[in-house]
Every structure is written in structure tokens, then in C-alpha cells.
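Assemble chain E onto chain H, guided by the hints.
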Amino acid sequence: MAQRYRLSKGGRIDRDRLIDFTYDGRKLQGYQGDTLASALIANGRHLVGRSFKYHRPRGFLAAGAEEPNALMQIGTGARTVADVKATQVELYQGLTASPVNAWPSVKYDLGAVNQAFSKLFPSGFYYKTFMWPHSAWHFYERVIRSAAGLGKAPDKPDPDFYDKRYAHADVLVAGAGPAGLAAALAAGRSGARVILVDEQPETGGSLLASRDEIDGKPGTSWAEQAVAELRAMDNVRILTRTIAFGYYDHNWIALLESLTDHLAEKPDDVPRQRFWKVRAKQVVLATGAIERPLVFRDNDRPGIMLANAAQSYVNRWAVKPGETAVLFANNDGAYQAALDMKAAGIQIAAAVDLRQDPSGPRTEAARAAGIDILAGHAITETQGGHRVNRIKVAPMSEDGKQLAGSGQTLECDLVAMSGGWNPTVHLHSQSRGKLRFDSDIASFVPDFAVQAERSAGACNGTFGLAAVLAEGETAGRAAAEAAGFSPAAANGHYKAASDGFTPARWLWLTPSTKPVGHGGKHFVDFQNDVTAADLHLALREGYTSVEHVKRYTTTGMGTDQGKTSNVNALGIVSEYRELPIEELGVTTFRPPYTPVTFGAWGGRDVEEFFDPTRKTPMHSWHERAGAAFEDVGLWKRPWYYPKAGETMHDAVQRESKAARESLGVLDATTLGRIDIQGPDSGEFLNRIYTNGWKTLKPGFCRYGLMLGEDGMVRDDGVTACLGENHYLMHTTTGGAADVLAHLEEYLQTEWPELQVYLTTVTEQYATAAIAGPNARKLLAELTGDIDVSPEAFPFMTFREGHVAGVWARVSRISFSGELSFEINVEAHNGLHMWQTIIAAGEKYAITPYGTETMHVLRAEKGFIIVGQETDGTVTPMDLGMEKLCSTKKEFVGRRSLTRPDMLDPNRKQLVGLLPDNPKDILEEGAQLVETVRPEPPMAMVGHVSSSYMSPTLGRAFALALIKGGQHKHGQKVYAPMTGDKTIACTITSPVFFDPEGERLRG
Amino acid sequence: MKSRYSIFSLARNALSYHEKWPQAWRSPEPKKSYDAVIVGGGGHGLVTAYYLAKEHGLTNIAVIEKGWLGGGNTGRNTTIVRSNYMWDESAALYEHSLKLWEKMSKELNYNVMFSQRGVLNLAHTLNEVRITKRRINANRLNGIDSEWIEPEQVKEWIPLIDLRAKGRYPVFGGSLQRRGGTARHDAVAWGYARAADALGVDIIQQCAVEGFDIEDGEVKGVRTSKGTIQTKKVGIVVAGHAGVIANMAGFKLPINSRPLQALVSEPVKPCVHCVVMSGAVHAYISQSDKGELVIGAGADSYNGYSQWGSNPVTEDTLAAICELYPMFRRMRMMRQWGGVVDISPDASPIMGLSPVKGMYLNCGWGTGGFKATPGSGHIFADTMAHDRPHPIAEPFALDRFKTGFLVDEHAAAGVAH
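Chains as they are written, first to last, in my numbering: chain H, 1 to 1002; chain E, 1003 to 1419.
The shape of chain H in the complex, shown without the other chains:
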């Protein structure tokens, strides 16, 4: 029968909206407003999972975020999500879900064979075995790995997208239960900007699951009214389905809002989730509390759940989690669950109470309602394969350590247990707030805050609705006041019940007929199958610190992160070690409170937005010309321009030949440009660069070498003197941002006395470098106001005027070794300039060339590329650039250059290499040896940094760094490659072409 366990009335579900869903291949029905968990219970499904290690049958323990057992694979295909707690899934039409970690089905699970061997699998067993034979771990591991893991990761790209949003608030309230609503009302009424968040689809928190009254009406009505008032305030934002999962420095709170998971149809234009980054002046934590299981023998069978969960299923979702229930409790508050269940028609077989003398208002009410209370009793055993069907109870000795007398058997299909409550102190602890152990409730409560936050209600250890509301109100007012607002006086107290859940009795471990570990299992961490015996074992073996216990047994390390297990584990450890629990300390609460989707962290920063793509103004032309592109830093640079049928090799040979023989053109826009102004700019450059700058006159350019503090080459480039105290520095394409940061660091921290102003102007210009014997002729045709004659426009100078009809700054510098002009125009004129150059250059067969040809041309000249010939370990001397290092002034890195190792003649130095076989192109990155041995190891003397086939030289050549290489010209080195291939080479000067520089100066 459909929804056989649905109560005929009540619950916050919409009975008019029937929802079909599929669970484990079966079609089932629930109502709008159900969670997957409540819908499954409505259909009598209690066996919903298998445990991690022993594959024991498991049912729902909880009704919320703390659920350790009911983990589901939700959805299929690219939209599937693993390990989702059924208690957190809103039911929607067409939902498909299946339990994880069971094969072939949750009922007939082969992994359950592990139970037979469970005696061999105590905590840490894997550290003690699988060591023989020595090589076999790989095999064992494969078996272990495939048995481990829970759900399955999707194997197709996620079709959804994720968003991020920033927000500021005067008061952020986390949790919209009674305390949170009261806080938000108090703060909101003061005019403070309030953000109220709650993980549930509707506000109300614990009120949604209780029959408590506030001000004489049902708590849920009060909550609805409170929300209505808040919604009417412009200064209040309410975010439901939103969990505050992380509390970071400076009151920075991370929220995750779920937008489409609960929808049957996923809209294309709405993000699946939104990651909120909220900076709040004040934070009120009203995150409630989580009920604590009792640790008794075989406390893990389906049908054994937290009392509050049973109560929630009955009250909030109108489902019956069982027909006959036993309450097993140590406190008064839990009796309310029994009363509510009884009111819903569930038979209460008995209340088994650990307290010798149960008392308290709810206990009395239960007694009055005819519930049979077994005082000072324990559940000593449970039975039932896929669902609990029978329990044994027995009286305990006064100290609760053992049984005292024979017991009885009770038939039941539901055990509602309560070991008290743990305040949800996660966010407080994440914020670095301190905790203290409150012996009244035997749990941890906030001690003092470190950031601007305050806890209110159950998360502060305050129970009893009246007190919770009052504390919420006070916290909201205090937060608003601290944020600079003046809340009006409270308009009277909320009237509600004042009882907390005590009196209670704290017994961390419930005795059974056999000692712990001798029969049955007392589970502490349900998901990770950690028992009390495991904790004892860890302690016995010396893993005594709380962190050791946790790591050795894995308690608290499951997807629920110990929400129901950590305090019980501490209690058991404390008892075993005979140390007060407060002396043990707690393990650190880490973000996130509940698991957070990777995609939400990434937000939109994926695919083409992962890193910005920088394109030059001429990019579209390059694309049309069929260029292949190379990523250099964030830039897309033309790599080479293959014509039909050409390989990269063919294209590069053609492009280099053209530049050497007639005319080539390179898009040089991507070089970094830093505008440097101020009265001390010359002095600044003098300190930053190794060479002298004080003599550079306006109109002139100079090549500069920049070192790090360690004396290693960091960047290079040409800087032009634009005017008095005004320079334009060029950096490498990839190094621009780092160089700017480096310069700023020195200006701001080392030389604050210098008046220098740096502006990045990389994007303000577009640059075309024309290179080749016909470069001057072409430039002359394109300009009317720049005299391009060698006398008027010598090497290493620049001129301003017009090129292609637009303003241009033309620098006569060369990275190709050819006669070359770099034409800089305003960026928006870049494409125009480029197209004009191409059109005018046609008669010279102008050939656009990419970075690969640029590399060949410059390598033929022995020009280095920072990052290719250098790697952070290369000094100017190593590059043969000692002449660039002034001896007359201080510069960054100079002191380091005097260290003994810097003067070692055997340092790796830049050389040229000519392979004996002119067709052998060395691999860039090849290592070089002087003596080839049949087998490694071989002593390496250097490596190949650049290597090409040169059409100009008609052979392969390379640049390399070789130990003492500057004095080894003419000697042989060898590159032993894979597959017995060894390439013999001769060391040469690194300058292969036009060593006198006649062409570039001509």
C-alpha cells in the first residue's frame, strides 16, 4: 500500500501534491514537503544503507544534517551526486535515489560477508597485516579500495553552473529556529541590515518538529508570523536552503545556497548553487543542538533512531517510523518524543530509562499518560536482521557499570534513543572561539568568543524554549547595538515552556550481558563502524591523545564528521583513561559544517574563465591567418602561421628565412610595459637594473637586466627614456605582473624615500615589430614625419610621429638580430596598423612570424629568454653578461654576486652547441655529459635550454648551460637520450649569426 506509514493528518506536507520518485529501482510516492527520508519511512523503508566496514544493515539514525547512515546516490548520469544524506534531500517529482555501498542490493549485500570476519577487523587492523609477501600490498590495496568508497563520482562533466556573491551585513544570524528568529527580529527592528540564513527550505528550526507553544499559539504559527514581519523589513534578507558552513577570519562567513536541487526541472539560467561570502559586523549563532545517541550493544539496527528524529518524523512529516516503540533515554526531555509518538498512534512498549529515579515534567507527563517506565534499566541486546524487532532490557547496578538482575524481552520495531544534546558549536569553534565542558549537560558549550560573534539558544547550551527565545532576543539586540544601532526596549517576554531536557544521567557506555567487545558491538561512529571496543583498543595500544584515538579508529572522520559520535567518543575515552573530559581537549572543528560542492568553490572560474585570456588587438587577424597559438602567461600569442599542408617545422623555416632575407612582422604587443615617473625614476632604475641608467637621455633606449635579491637573473627588457624623469620599461610577457610587484615591493618597503610612480600600461599599446633587410624601406613608406635614415634614427633610439596615419612611437631595437623597428601605437589602432603594414609589405613578401620563429631568430643571435635560458639559478656572469653589471653602484642582487659560489669557474654557463650531425635537433631539456656510460648514473655537466633547426645556418643548433662552458668552446659533450641514442655536440660561442651586429645596427 502506498505510503502505508503516513499519518492521516498533520505534518508540514502538501497532501494535494503527490510526488513520484524512484528508490533503489522501485517506484514510490511521497508528498511535497517530504524529505527523501520521510518519504521512505512513509513507505516503510528502513533498511537504507550498509555501513562502511562491516556492511551492517543500517536505517535512519537522524532527521537532519547529522545523519550518518542513510547515504544516497542521488540522480543519474552527469547530474549524479554521491553520498547525500537522505535526510537532507527534498523530495521532487522524478527523483531517483539508491543506497550507496551495497551490492547487489541493500537487502542482499555481498559485502556483508565482512561481518563474519569482523573479529579480525578491529580498528587499525590494516596497520598490522597485509605486509606479506612484501610486494603484495598493491594487490591487497586494490581489493580494499574497491570495497571502500561509498557512492560513485560522476564520470561526465557537470552540466550545471555555480555562482558566487558577496554581501555585507550588520548582523548575520545563522539558524532560523526560535533563537535565530528572535535574534533577527530584535536586530531587524533596530534598522540593522540583517541576513538570516537557514539550511532548511522553511524557517522555524526545531519548532517545525515540535508541538511547543509560544505566546499561547503553536510554535510554527509564531515562526510564520515572525518571518512575515521580517520579510516586510527592507533591511532584512532571509536565505533559506542556505547553510552557513564556514566561519573565517575577520567575521567572514561562507554560505552555500541551494537553488535547483529541489526542482524537478532544472532551469538552464539558474545556478545550481550560490556561494555567498558575507562580511558581517556581528554574528549571532543560533545553530541549535544535535541529539546524542546512546552507546549500547548493537545500537545500530534499522529502526533504532534518535528520539528527536522519531519525533520529527511524526510531527513534521506525519509519518510513523514504527508501530511499536521503545524509548531509551537518560533524560527528561526525550519523553516528549514518546508523548508525541503516542499521540500519533504509535504504541509505546516501554520507556527504558538509565536514570535510577526518573523525574522531570515530561517524565511525569509520560507516566500520567500511562507509559511504562523502566527506571535504572538498560537495553542490553537488540535483535532483528533488517530491522529491529526485539530488544532485551535489564536493570543496572547503581553505578551503571553492570547489570543487576535478569531482564525481559520487548517486541518493538522502533527504538527512540536519547543520550542528551550536544550544542552545535561548530561555527563558534571555527571562528576560533573557545569551548568549555558544561557538566550540567555533559557537553561542550561556547566559553568565549574571539571574533564578533555570540551564540544563542541550544548552540549556547541553553535549553527550554522560553530561555532560548529570550537569549535569542538578547543576542540580536546586543549584536545590533554593537553594530551601531539602538534597538528599542524588548516588548515583553516570549511566553513558552521553560523546561530544558534535564534532569539527566550521564552514562557514556551502556552495560550489556557481556563485557564491551566480547559480544555484539557498541557503536559510537555509525558511518565508520567505530565501536566502544575500538576506542578501548586504541587507548590500550597507547593511542591516547584525542587526535590519536580519532585517527587510529577513524571516529568522527566520516561524511557526518562526527556530529553524533565525537562527544560520545570523548566520554568513553575519558572514562577509560579516568581523566575528566575537559582535560582531554577536543579535536578541532574544521570547515565545512556540512560537505560543500567543489563547483560552488570554483564558481564561474572554470573553462574559459578559469584564467582571463588576454588577446592583442590584432588577435582576430592572426586567427583569420590560421595562426596556431601558444599560451604565454595569460596571453594567447601566435606561435606560427602554417600555410596549407605545412608542419610547424615547415612554417618556422619559411618564416625565419623571410625575416632574414626580406621582411617579417611579429605581434609584440604582449610585452609588459610599466610607465615610470617621478623625480627619482632614474635613481630607481639605477638600483633595480644591473647596469647604469643615469646617463640615458630622452629619446634613447637601453637594455636592462634585473636580478633578484639572490643575484639571479629575474627579468630583462628595453627601457626607453621618454622625457626627463619619465621612462617606459618593457618586461617579458610572462613576467610583467611579477616585475611590477617586485618594483612596488622595493619602492614601498626598502626605498620609501624615493619619489617614483609606477603605472602598468601594457594594455595601452599595440606593437608590431618589423624585421628584415627591407624593414627601413617599409617604415619609410608608412610614415611622413619620422626620418628613418640610419643617421637620423640610430640603433637603440626611438622616435615619435605617425605611422599608417596614426600616432606612433617607433623604437629601433632588435630581438631578431635584423634591422628592426618596433612600432607602438595606441591599442585601438593596433589592427589598423597591422593591416596597413601587411598591405604595404606585400611587395617585400612580408611574412608574419610567431613566437617559435622569434625564438629561432633570437637564439641564432645568442639572445636569452628569461625563463628558458634562466631558471632562477643563473647569474649575469653565467650568461656572459658581466659587462652589464656595473661596479660603480649598488643594485639589487649585487651583494649576492660576491658570494664564493658565484665566483666558482665551474658554474653552469651559457654556450652554443652544434650537434655533430647537422640534422640532429637536440631535445630542449636534454642533459649533457662529458663521458657516456653504458648505464646511469652519468655525471651531468649541463642541459640544453633552446634548440632549433636554423634555415640560416642550414643546420641544427642549440643553446645550453654547461659547467665552466665559457672556457670549453670547441670541446665535445654528449646528450644521451632514451633508446640508446646519443647525440654528440661541440661547444661553441652562443652567438651563431652576425656576431658583430652589423645587420641590426645597419
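If you are wondering where the hints come from, they were derived from the structure by calculation, not from laboratory data.
Here a beta-carbon is modelled for each residue, glycine too, at the ideal position from N, C-alpha and C.
Treat the hints loosely; a few may be bogus.
Partner residues are not named here, just some residues of chain H that face chain E (Cβ under 8 Å, in silico) [what the hints assert, rightly or not]:
#1 137
#2 163
#3 540
#4 551
#5 598
#6 925
Leaving out everything else, chain E in the frame of chain H:
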């Protein structure tokens, strides 16, 4: 060893409800004096003590630890082990270590789950290809396994990767070290602690160093929260706080301490079969035996001692993971944490003698200390025993920052500094 671990001992102990297992190590109070005191009960410190006892005949040794053993970076890293470093000096060090990893479980009789599942470093730009090949060639000529693999082979190793379908950066290939892999980090600390304890080493937890007794430039004792301990040999092995301890001894170290973070997903069935690292997009990933995706992030860009790391780093890291593995966008982060790494100017460790006689340094492991654990301790024990650097430690002496003989491993460290 006091009680051998094996399937047989497990079965035997099962009969007595696992109640007869002995302590893995004792919890002694400190004696008045020791022949050697190791400050820092992490992996490196425990290995040092183990080898001092095992190979150098010292038995009167204490390891003192401020918190709980293995609680620093040993228990906070992403457990990657490899030896494919570029420079000869580093390669020698890490390969020495890798060889010890290969026999660790057997030697310790403690399964540290060293799993040689392969470590893959991706190259996303032409420059990365160049640097990667340079490293591979160096590894090969040093006799260390390392190979270049093409994009299609990358896909075979990690089928879920997006080579360049929609990605911002292509994958040009990568380097593969088949002998690299992962290990169970806690087990390494515990295994060595148990083995060292069995050799008589006193492991003293909850014992913080408060200062040193130094006379005429020679160490005479260690002042701790549990009293002063006399000794003439002190090994400083305190990742994350080396600078702090050095200050107590009156000298300075060229070290920056920064939070480095890591995170794990919820556990899923096997889908990442090797370790995949990517320098350019800055993320590395492996899957634990439990099924969690273990993801390493970068270090914070500023110094600090917080053991959690800043939020933007988490965002950047997971964006990179989402970029390379678009199906993992739906995976969920379960836990995130940080460790404090000591980064030296050349991203290589500092090992050897210190300015104080009898005091030895083993620090500055930056982001790569876990993989070095056995080798570091082995070499350091030898250095301490003989009062001179072990040959492999020689290049890593503190004075290299004065001489300029740096072993610059920034490129190889895998995470940016």
C-alpha cells in the same frame, strides 16, 4: 620487536577480544639526561631517533614533542611520495628516501600502506614541457625512474581528465614516476614511534621546549615544560616552528613559515588511480584508500602559523580541480585543514650542523617534507652521530645561503611559493 603484527597475531588476539595487544609505545616521564634529544615528534624526528638507536648504537635517546606525536605536518599533508627531483643533490636525497619507503612496512612491521601507484606531473605550456623534459632527462641519467608521457597516455592514466575539450590550458603531456605514490601518513609516525620505542627511545609527548642551556657555544641541555633535560646532542626537527626554536637557541634561520592547506572530498569508489599534479593550474589530487579525493592546495602568500590556510586559496584550488576534472564539480569537500610549512630561500631543506655545537638542524622542508621522512631521518641520524654532515646532507648545509651554493627547487616543489 615486542609483539609482531601479522594476520596470525590478529587472529590470535581476536580470541582474546583484542584485549592483549601491548602498547605500541610507552609514555615515559623524561629522565634527567639523555645522550641525544630530538626536538619534534613528527615523522622526521621519530625516524632520526629510530636510526640513532638502530644504526649508531645510541640507546639513551628522547624524542620530545609539544603536542601529540605525528600531529604536525606529518599528519597534515597529502601523503605524496616521489623522488623525481631535478638537481643531483635533491635527487640523491629523495631517492635515498624512496628506497627506504620501499621497505618501510617490512622493516617496521607496521603497514604504512606505501602504494606505488605512480605520480604524474602535467605540463600545460611549452615552457613546462621544456622544464619537465629537463627534469626527466636528469632523473634518467641519475638512475631514477621517470618518463615522459604523451597526452593520450595521460588520458589512460587518468581517464576523467579534460585534456582540452573546453579547458583553458591544454595538456601537452607529463612526467610519470611509476615508483612514486602515496602512504598512510599517520602510520608512518606511529610505525617509527613503535619501532623506536622498542629500541628504548623515550617518546615524551605534551612536552614543550622552553629554551636551551648553552655554554660557550655548546649545548648542555633542553629546558622543557617537564623540566630541564641534560644532553650534549640536540636535533631540531620541528617543521613549522624551526625559526621559533632557533630563536631560543640564539640564532636565526632564513625561513618563512606559511600555512599550506589541503582538503578531502567525501569518499567515493575508485576513480583516480594515481597521483596527478599540475603546477600551472595549481592543483594536485589523489584518492585515498578510503575513497576520499585528497587535494593539495597552495601556500598562503603571507607568513603565518594558522593551521588552516586562507579561503581564497581553497577557492583557487578547487577551481583548478573543476577545470581539469569537470565531473568533480559535483563532488563535495568534506574537510579542509592546514599545516605550517617552513620555506627556505631555495625551497630546499636545511640539514646539518648549526651555529651551536652539539645542536643539529633538520628543517626547511617546505611543501615536500613527507616524502623525505625516512631518508631525512636516516641521514640526519648519521649526521648527529658523527658530528659531521652525511655526504647526502652536505649540499643542504645552512651556510649555503652565505656561499651561494643553492639547490633551487622552486620549479620542482609542485606548489608556488
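Okay, the hints, checked on the actual structure:
{"no.": "1", "hint": "137", "verdict": "holds, 7 Å"}
{"no.": "2", "hint": "163", "verdict": "violated, 13 Å"}
{"no.": "3", "hint": "540", "verdict": "holds, 6 Å"}
{"no.": "4", "hint": "551", "verdict": "holds, 5 Å"}
{"no.": "5", "hint": "598", "verdict": "holds, 5 Å"}
{"no.": "6", "hint": "925", "verdict": "holds, 3 Å"}
Of the numbered hints given earlier, the model fails hint 2 alone.
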